[in-house]
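Sequences are here, hints too, so could you generate the full structure?
Protein chains in written order, with the working numbering: chain R, 7 to 412; chain B, 305 to 790; chain H, 156 to 560.
Derived by calculation from the structure, the hints in this document are not laboratory data. Treat the hints with caution; some may be incorrect.
What the hints assert, rightly or not - According to the in silico footprint, chain R covers these stretches of chain H (three or more CB under 8 Å from chain R):
#1 246-258
#2 269-276
#3 483-494
Quick reminder that beta carbons are idealized off the backbone N, C-alpha and C, glycines included.
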Amino acid sequence: MPRADVPRRAGRLLRATFAAACALVGGVPAAHADDPAASADLVLRLGTLHVGDGDVVNDALVVIDDGRVVAVQAGGTVPEGVRVRTFARAVACPGFVDAVTQYGLDDGAAERPDTLTPDVRAADAFDVRAPELRAALDAGTTTLGLVPAPWNVACGRAATAGLRTDGSAEVLERVGVPVFAFRAPALRRDRVPATAAGARLVLEAAFEGRAWTTSGEGAAPLRAEALAELAQLRSGAVLVHVDRAEEARVAVETLRARGLAPTLVGLRQIAGPDEARAVAALGVPCVVTELGPEDSLATLAVPAELRAAGATVALASGAPAQSPRTLRLALALAVANGLPAADAVPAVTSHAAAALGASKGLGRVAVGARADLLVFDGAPWEPASRLLLTVTGGHVAFDAARKDAQ
Amino acid sequence: MHDAAGAGRYAPGPVMRRPGLALALALAAFPAVARAEGDAPSPAGADGAVVALVGGEVRPVSGPVLPRGTVLLRGGRIAAVGADVAVPEGARVIDCAGAVVTPGLIDADCALGLTPWDAGAGVPGADARAIDAFDGWDERLGTALREGVTALVLGANREQVLGGVACVVPTGPPGAAPLASDAAVVLNVSTRGAGGGAPGAFRTATIRGALQAALDRRIEVERWRRDLAEYEDERLAVEPTLEERLLLSPELLARMRLWTPAERAAWREATYKSMGREKAYTKPKNPATPPRAPGDDPNLDALRDALGDGATPAARRTLLRAELEGDVDAALRIAADFALTPVVAGGEGLRRRTAELARAHARVVLTHLGDTSASTTSAVARRSPGLAAALAAARLRPALGTGGVGAARWLRLFAAREIAEGLPRDAALAAVTLWAAESAGVEAQMGSLDAGKRGDVVVWSGDPFGATSRALHVFVEGAEVDVAAR
Amino acid sequence: MTRTGSAFALAVLVAAPAVLAPAAAARPAPQALVFGDVTIADGLGTAPRKGSVAIVDGRLVLGTGPSGARRVAVDGAWLAPGFVEPSGRAGYVHADAEGTREMTPDVDARDLADVRSSAFREAAFEGCTTVVLAPGATNVVGGLTQAFHAWTPEGAAVPIAGAPQALQIALADEPTNGNFPPRSGPTTSIYARRPTTRMGVVWMLRQTFLAAKGVQQPPDGADLARYRDVLEGRRTLRVVSHAVQDLNAGVRLADEAGFRYVLEGADEGYMVREALGRRATQVISGPLPSVTSGVGPEFTDTALRNTAILREAGCTVALTAGAQGGRWLREQAMFAARYGLTRDEALAAATSVAADICGLPDRGRIAEGAAADVVLWSGHPLLPSSRMLMVVVDGRVVFDRTGEE
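Here it is, written out as structure tokens:
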């Protein structure tokens, strides 16, 4: 049985690869007797499947068992007696990963007074039964990044949560990627620091275990625990809230010098293609947040401009509370303002998952990934496409056929 | 000729001796008159250009879809729509093969072009007219136009109980004249948050009080008019002038009793003029004092126009904002008690009151679609999906309003979202065109592709509700807008 | 099955070049330009002369230059160096200083700058080709300056590689603004701190420099490296002062600690001209307010002839437009030309002298081998009636209106 997820990495492939790919397609041995589909929880036949990273599989067979995807293949057959849900003319994609949200968190999702709160964990404030989680699931979101708001230079730890069919959530990663902020309100005149230059100095000192403080009477002291936590941080993915191109540059330089791999979050004030090119040249992934219908055309064009400049672009509903329905609208707005349709699905699935440091198990329909899947009657980025089926964590959360029958 | 002679008196010598030229000059000085004589070209299509949109999928809204139809624009209006429309010689032909032709979209409730202050906190008062706060040069109007939105219903103030007077405006060209300055009186039974602002009972009491005062004032004004007419008649009867003695037949006198003083004065003026007199003679003063006029109250006068008289509903519409069921109930009770012509703008509350709305012959606007806040106190944020579909299924002909400023330009994406939640595509198109026009009472002018309506037409690269689609050509009053400009 | 598989492989092949496509485009080679038969105001204070100047590989070559270069010929045109703003204080991305501390010697103006700010663009489009951005003077020690090419065809100011960075301190009352002495009871404001007076400012600086010199015990945790750089002559110190008492305090402090400095502001410098002149102080003078207003020493007694007086006393004087932004530097030079300097001396004060003070000896002048920062004018650059025709920054044209002549 041919495996659709085999010939994926494309960079060096040319004519020779074409032959190799054909050979693979024709040459993989047939499925052995204990076909995973035989005992699976759910088997889906999908007209078009966007795998999540930009690839598309036609006539895809997806086998889901025990909450995970156990097989993805183009074409193929299933053993007798196995029930297959067939959506021949539908378009499927991974469940949306909303990488930056505050759903289920207390207002602000930040310990505001301190400059450095790297030891704060978003998961600790998370209400797994918050009503907006149900709304998020209805809108096609199956995984959330819970990201502390940009009130501190070191904001704390993000968390990743998966939604359950009943609209509640389970925390998938309790201590997620560290989050930083190089923008207002973390940078503000009446607190430490006031500028991106200051944020750089505060963090550089903290990474060495030193406290960079003001001598003002009313300043909160930098806590030893906070400094200790930052002194330990030497590698790995981090998120950093920035709005403007210069904030992005200072943030990336500061965090890179420490050996960290930042992903930019926010980027709502990138003014025009020149700035987008400057941000893209930093060579880090970008998550554009809070796109909404009231935004200026300049802001709405940011995802398209960053993409055109070569950056990896994800979309997220953002730190201040936005309606959970907004992610799909943001996707439509980004596409309507120039984001190529081919980049639309990755922007809300695999690229978003990568921002949370969870690129393997989330945001893709691939063997071993969490079984989050959406089936639409049209392209996922089209706001008019109707959701036919939502699978989250391997279970059906919404089924239009069942709803229509009622 | 009388006018021509008058003009000639002040013209230089040679012209004076040529009455024909003088007539031409006089007509040129009054372009409105000249235009009425001719083919009635509008300002936008003044060159009389004819545009033929040929070969596209035409969705007229008022009739079935034409897979390959032609839309003919002439003189700023739609001249013809059909499968076999002959394209006249010299027409500008635009090949629309593969494209979709629809009427221009209309946002049934938004604040684009108003300042946040005017749309929000504002000044309380029923006489606050949205058109007076409208900035027709707001550059965001142009961006809305390029997304196919050609007209807006500006729902005036959204927070004050008495929200003022809504209007209908075109999105272009900059500074264009309004389409309807006094489209509807706005009464906000609930605010956007439905929990914010004054409590519901206080709001409805305020509305009822204002409407009752307007009703009382109408009775007072009518009584005063009657008294004044009687007084005038008595005065005429006591001391008619010589001319009046000569001119007034008993029948005419009887009819004059029904006239307003202004009409009477105009008649008198015309009569004297026809007799070649410069002005009326002053008459001896009647010793009896005329009845005192009620004091000025523009606030109540604005509301007065929205009141029906019991037998017939009012000509002026009333836009009642009501988000939750209780608000809708209150709105409909107020509408019934004061014989209003109700347009109910709201959300979740409309879903469970479809029968009552239909019974009240209420128009329905599903509004605040552009609100993306997730505040747990906001009734808008707590709406459940499929609202427009439910309203359309109940045959309420819902119009869609973004309730926003920049959001107005994305009206088609909000309609698309309702499609995803079950609204049929044809209903979605109607909801942002014809039904929106109906909600504001301008359906005779726009909202569908019908001969005689304004030439507001959009040619889309594909499905009007597609994120990847864009407007290829936008016509406003028959004149094309440059959609490439940003 | 095979069909879908092939289609998939094809999709992979199509995708591959798309991934490779956004390779960085090479920067186009700077254009060789010749300004033929122009009047040259060289920015060095010498009298204007006729001649030709070429730009080859980003450097100026006197004479008609190589064949095949683009020749710019406008009748009666003047060629002058671009203005050099030695102390730009506009175009910050956030606040102009890291105000949460009083002494921030590590703050780099590079990180304070919004390189796409309209302040930079407007400066270039008014003939100012170099802007040395300084931290705001609201800190006792503001941090390091950074020199920028004011604008480039890419649409941003670009740091000048290798340009020296001066350390800026303020001997004035600005650093005290907003601070207040701790009152009884707890406070949540970080501004309950020193300094609250002019004396406090001098006290803090004296402590710091004496500690850096090793004469006095350093405050806890103070990093004195940058001050030692200054004391040992490796880095230029800039002192922002306006009023006479601060100017005198600066002279005393420099004598005590033993450092040399560039004086900036110096509104009342004419009152201490002998002390400043005796030490051959380098001064960045200005901005001269068009209208004097306000209260306090900073806003009174500004002498319109200040620049000329300091120059006569033996100081080296450059001009700045400060917080007004580089676009107003030409106006400052016009002021100076009206009140005591010749037009060519004033031009030098806004070009070569400013560049020298900032450690940019190859800028702000028209000389063999100098950097190609030049502006083509319709007349003398400091005549109000002169129009700007072309601006070249670092060898590249950013503004060109020669086609309209």
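For each hint, the structure was consulted:
{"no.": "1", "hint": "246-258", "result": "holds (count 10)"}
{"no.": "2", "hint": "269-276", "result": "holds (count 3)"}
{"no.": "3", "hint": "483-494", "result": "violated (count 0)"}
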